[in-house]
Each structure stands twice: as structure tokens, then as C-alpha cells.
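Asker: Per my numbering, the sequence shown starts with residue 1, numbered consecutively.
These are calculated hints, taken from the structure and not from any lab test.
Treat each hint with caution, since some may be false.
[To be verified] Listed below are the simulated DSS-like cross-link pairs for lysine-lysine, each with C-alpha atoms no more than 27 Å apart in a straight line:
#1 Lys220 with Lys158
#2 Lys158 with Lys196
#3 Lys196 with Lys220
#4 Lys100 with Lys220
#5 Lys158 with Lys189
#6 Lys100 with Lys62
#7 Lys220 with Lys189
[Said to hold, decoys possible] Here are the computed distance ranges between Cβ atoms for each label pair:
#8 Ala20 with Ala128: 50 to 60 Å
#9 Pro146 with Asp230: 18 to 28 Å
#10 Pro16 with Asp231: 23 to 33 Å
#11 Pro16 with His105: 32 to 42 Å
#12 Glu238 with Asn2: 41 to 51 Å
#13 Val172 with Gly38: 17 to 27 Å
#14 Ile124 with Ala29: 32 to 42 Å
#15 Lys196 with Asn2: 32 to 42 Å
#16 Glu98 with Asp230: 26 to 36 Å
Each residue gets a CB set at the ideal place from its N, CA and C atoms; glycine is no exception.
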Amino acid sequence: MNLLETIGATPLITLPSFAAELPGVTLLAKAEFMNPSGSVKDRAAKAMVLDGIARGLLTPGKTIIDATSGNTGIAYAMIGAALGYHVRLYLPQNTSPERKRIIRHYGATIVETDPLEGSDGAYIEVQAQVAAHPERYFYPDQYNNPVNPNTHFATTGKEIWEQSGQQITHFVAGMGTSGSFVGIARRLKYENPRVKTLAVQPASPFHGIEGTKHMGSSIKPGILDETLFDDVIPVTTEEA
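Could you build the full structure based on these sequences and the hints that come with them?
Answerer: This is how it looks when you write it as C-alpha cells:
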């Protein structure tokens with residue numbers, strides 16, 4: 001088994017500590033921290049990179065480049081190291097120090113962007129770099145690449161449905177690129193249209209919740225499908 005084969009198939013665990021607060025409700029959590037780089041982002045990063053190789057877009061000598069708020073960048077860096085590709089990542093300067101350290105430990109290059117512009121600023125700078133030197137890079141473009149939500153439809157959402165014994169009634173998740181929310185919500189509604197899917201977003205454009213987007217004030221990802229929102233739950237930084 002190689003490193004990429006360890007991504008996915010994570011357990012769905014019960015959270016009994018909330019039983020008193022939520023009588024009659026079983027609360028489940030998908031243990032995506034068990035992926036090799038520590039987050040759900042391993043799934044989409046793996047799928048987009050392998051898709052690029054399969055389509056001849058990522059060839060030896062090219063650099064994987066993308067914008068990230070941290071976790072997808074860690075996944076790219078890990079996968080790039082495993083497959084022998086250099087990785088160049090654009091991320092806001094105020095991204096947490098431990099994320100930057102992990103990315104650098106995998107050998108990837110970090111370009112820090114204006115923290116006041118958030119992930120949108122990183123996204124704009126990546127596009128400019130790719131436009132200037134297209135021959136150098138493979139640009140997965142996690143915000144607009146349909147492979148991102150599609151892999152969650154095929155894997156994460158399918159796993160949740162099967163591991164729950166087809167008993168899921170509500171799905172709740174935060175959103176950054178929106179790939180995991182869109183893919184999982186789409187899969188669960190495909191299996192049972194009565195499943196309620198709830199999107200968690202920062203309550204304010206100015207927030208400290210890393211990896212999430214306030215969609216109303218941000219560049220909306222091309223993969224975002226707001227028809228999948230049964231409700232939107234605003235969360236403050238303090239609540240998060």
C-alpha cells in the first residue's frame with residue numbers, strides 16, 4: 001500500500017457527550033483527521049492531482065500551484081512530496097504558523113499574500129502567476145474544479161450514508177472552497193431527498209475562523225451550489 005491509498009475510508013464515530021443536550025438524537029462525526037495529512041482535504045487534493053496526471057496536464061518537471069487557506073495546501077504538499085512534484089502555494093500571511101510549518105516540512109514553497117484580502121487575495125495572485133507562466137505549472141484550481149465535489153460525492157458522502165446504516169437525517173458542515181459540503185450534500189440528497197443539509201458560515205466578513213468563507217462578501221467558488229442549502233447557520237469567531 002502506498003501513501004495515497006491510505007486516504008479516505010475514515011470511520012464515522014458517535015459523540016455521546018452531547019446525548020444529554022440532544023435526547024433522542026444520535027450525533028455522528030466523520031473522523032477525517034485520520035487521513036494522512038490530517039484533514040478531509042486529502043481526498044480532493046489526491047483526486048485533482050491524479051486527474052491532472054491522467055489528462056496529461058501534470059507532467060514531470062511541472063509545479064503544482066494553487067491558493068489555499070491551509071489544509072488543502074498541506075495535502076498538496078504531502079502528495080507532491082510522495083509523487084515527486086514541487087508544490088507552490090499562495091496563502092494569506094495570517095494563516096496559522098503550524099500550517100505553514102507543516103507545508104514547508106513537506107518541501108513546498110509558500111508565497112504569503114495580503115492578510116486583509118484573505119483567501120480571495122491568494123486566489124487572485126495565483127491566477128496572475130499561472131497566466132504569466134502557464135508552461136511551468138499544473139493549476140488544480142480547487143475553487144472551480146468539479147473533481148473536488150465529485151470525489152466527495154463518490155467517496156465521503158457514500159461512506160457517510162453507508163456507515164450510518166442509511167439513517168442520516170441532517171448533515172452539517174462548514175465551507176471554504178465548498179467542495180466537501182457540495183459533494184457530500186449532493187450524495188446524501190441523491191440517496192434520500194429528505195435529508196436536510198445545513199451550511200455553516202462565518203457570521204461576519206471579518207472573522208477568525210480559518211478555512212471558512214463568508215460567502216456574501218467573498219469570491220464565490222465556481223463549484224458552490226447554493227440550491228443544496230436547506231439552511232445556513234451563521235457562527236461568530238467566539239462561538240467557533
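Asker: Is the hinted pair Lys100 and Lys62 satisfied, with a Cα-Cα distance of at most 27 Å?
Answerer: Distance of about 22 Å is within 27 Å: holds.
Asker: Given the hint that Lys158 pairs with Lys189, does the C-alpha gap stay at or below 27 Å?
Answerer: Holds - the C-alpha atoms of Lys189 and Lys158 are around 11 Å apart, at most 27 Å.
Asker: Should the hint that Val172 and Gly38 are 17 to 27 Å apart at their CB atoms be regarded as holding?
Answerer: holds (21 Å)
Asker: Do the beta carbons of Pro146 and Asp230 sit within 18 to 28 Å of each other?
Answerer: For Pro146 and Asp230 the Cβ distance comes to about 22 Å; the hint holds.
Asker: Take the C-alpha atoms of Lys158 and Lys196, compute the straight-line distance between them, and say whether it is at most 27 Å.
Answerer: holds (16 Å)
Asker: Using the C-beta atoms of Ile124 and Ala29, is the stated range 32 to 42 Å upheld?
Answerer: holds (34 Å)
Asker: Using the Cβ atoms, figure out if Pro16 sits within 32 to 42 Å of His105.
Answerer: Given about 35 Å between the Cβ atoms, the range holds.
Asker: For the hint 32 to 42 Å, verify it against the beta carbon of Lys196 and that of Asn2.
Answerer: Check passed, 38 Å falls within 32 to 42 Å.
Asker: Against the range 26 to 36 Å, how does the distance between the Cβ atoms of Glu98 and Asp230 compare: consistent or not?
Answerer: Once the Cβ atoms are compared, 34 Å apart, the range 26 to 36 Å for Asp230 and Glu98 holds.
Asker: Taken at face value, is the distance from the CA of Lys220 to the CA of Lys100 at most 27 Å?
Answerer: holds (25 Å)
Asker: Return holds or violated for the Cβ distance of Glu238 and Asn2 against the range 41 to 51 Å.
Answerer: holds (42 Å)
Asker: Tell me if the beta carbons of Pro16 and Asp231 are separated by a distance inside 23 to 33 Å.
Answerer: holds (25 Å)
Checked against the numbered hints above, the structure violates none of them.
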